[in-house]
Amino acid sequence: MIKRWLKNKIQEYYQDTAFDVLTPPDDKMGDYSINLAFVLAKKNGTSPIEEGQKIVEKFKADREFSDRFGEINFVNPGFVNLFLSEKFIQEQLTKVYKKRDSYGTSKIGEGKTVIIEYGGTNIAKPMHVGHLRSTIIGDGLANVYEMLGYKVVRWNYIGDWGTQFGNLIAAYKLWGNEKELKKKPIQTMLNLYVRFHDELKNNPDLRSRGREELKKLEEGDAEDRKLWEMFREYSLDEFDKIFQQLDIKFDITKGESGYEMVIGETVEFIEQKGILKKSEGADIIELEGLPPTLIRKSDGASLYITRDIASLKERIEEYKPEKILYVVANQQALHFEQLFAVWRMLGFSGTDLIHVKFGMVLGEDGKKLATREGKGIPLQELIDKIVALAGKVVREKNPKLSEKEADEISKAVGIGALKYNDLKQHPRTDIAFDWSAMLDFSGNSGPYLQYTYARLSSILAKAGNRKAGNPALLVEAEEQRVAKRLLEFPDSVEKCSEFYSLNGLALYLYELSNDANRFYESVRILGDMNIERINARLMLIETVAVVLGRGLKILGIGSLPRI
RNA sequence: CCCCUCGUAGCUUAAUGGAUAAAGCAGGACUCUUCUAAGGUCUUGAUGGGGGUUCGAUUCCCUCCGAGGGGACCA
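Under the numbering used here, the letters of the first sequence match residues 7 to 569, in that order.
Label-pair distances were calculated between CB atoms; the ranges are:
id, residue 1, residue 2, range
1, 505, 189, 39 to 49 Å
2, 101, 409, 38 to 48 Å
3, 442, 190, 22 to 32 Å
Quick caveat, the hints were computed from the structure, so don't treat them as lab data.
From the three backbone atoms N, C-alpha and C, an ideal C-beta is built for every residue, glycine too.
My request is simple: use the sequences and hints to build the entire structure.
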């Protein structure tokens, strides 16, 4: 907010000159810092010192600068530092307090639609920790775009078609039975899947059996169709349960099978554009700078990308989105490069297609967790474990809670820990799954933020009725620090949409909590002789609580008045 | 063999080309007659190796080493 103002303002003085406005980590150096002196020195053949001094003089003479910044200095080796004035911070705090319930929202997305694809669950396989990343990153980004005024379509593109279902049906016919399936649907399907791949090593004939079943399925064979529907139903029920626990919602749950019917016309559409080629009996598209992509197998069956093209075409025609975000693992980078390249070759444009990639979740040994070998950590197990631990901690810390309240808090804390642990990290890197870090509720963790929220809420609850405070009474360093931090919230939200990641917002909320806790420890708010000062401080912490709560909500994490 | 990620403290991670590389965990020392100690304060400790571009490189380029992912009938 202030940064942008500063940038625009300076641009008036120094047009066509590149510079950065920084927010230095240490307040000894200033609240904002610009590196213009270097650039000008180089441009004019002078020294940075000379230029820096000139800039300072210029800024000091300008009322708009001097109103905002109490102090403007030039420091070697070439930075002009600006300190926000106490008065300006106090004025801003009043403004933020007034609009606290909508603070950070904007209209930059008004009239625009963004489709966000996340979740990416595969029928007949249990959700594992990898799905968690897609789900919570996607959900968080959806929340961000909503705050920025976009119309958001939350889309769970499920993997419910393709070769693996042929395999599954074949396996079921060989070794499965309905009784067992009913009792433990997902586990049974997974066992069949794993067994199929195990036995395939010694019995390659299985592969053709799987292909046959897929072919029958695609041709509408009644028995296979019924089995597929059953597998799908059981799986979706299971996913719903998990999404509910994670507080994740979708507008659309439509996967690959939803495009099976339009494959023919999609291929025809591609053919009309004249980019389809025959190669070794299959239909392919040759791409520039990328390996060719297979559109139709030699036996005529469709492939993953074929269905993705069909879906993309539909999405664009139906929603005319400004952007489509695919929140899908790194491993599929090539697939999306190919998809986007095909899309351009088909003559589409005007929509930003973005593959929001994220790294894998590795095992504690740093190795891949393969579902095929049955090594993946099932998400349900993880949720149960973390909520159970949260329950233990909650009851230990706060024994007076009722059972019902303790349960509710345990869920919020456990799920909060789980989500925050992932979101605080940069999405692109692989993360090593670390039970002890995941289950640690201290330090930079979800529960720490929730704890801060609860502490502040507790004061507000005890304070009872009060009048609006006068922020001019907030002169202590700890108070100023918190107030300044509040001003960074809108920037932090906007950056999430710029970088397609939420770790910046997570860090911001952690720092806000940090500042708030320092303030909390530095003074005793209630019980002050000065009623006016109590009111001013309550106003400050109320703003922090609201901003913190809203920030957590973007991350999909609940905040409770007591934990 | 080719392409893409990545390599930061004992461990897990931060850092739009900026200042003295930031945290958490683990280790050490303090801190509850006071609004929630899941807290606060202090402390030990790091950019894989070698070049280059730049006033300035964790960040950009080259190279070497190491890890992971991907590379036509899987998704």
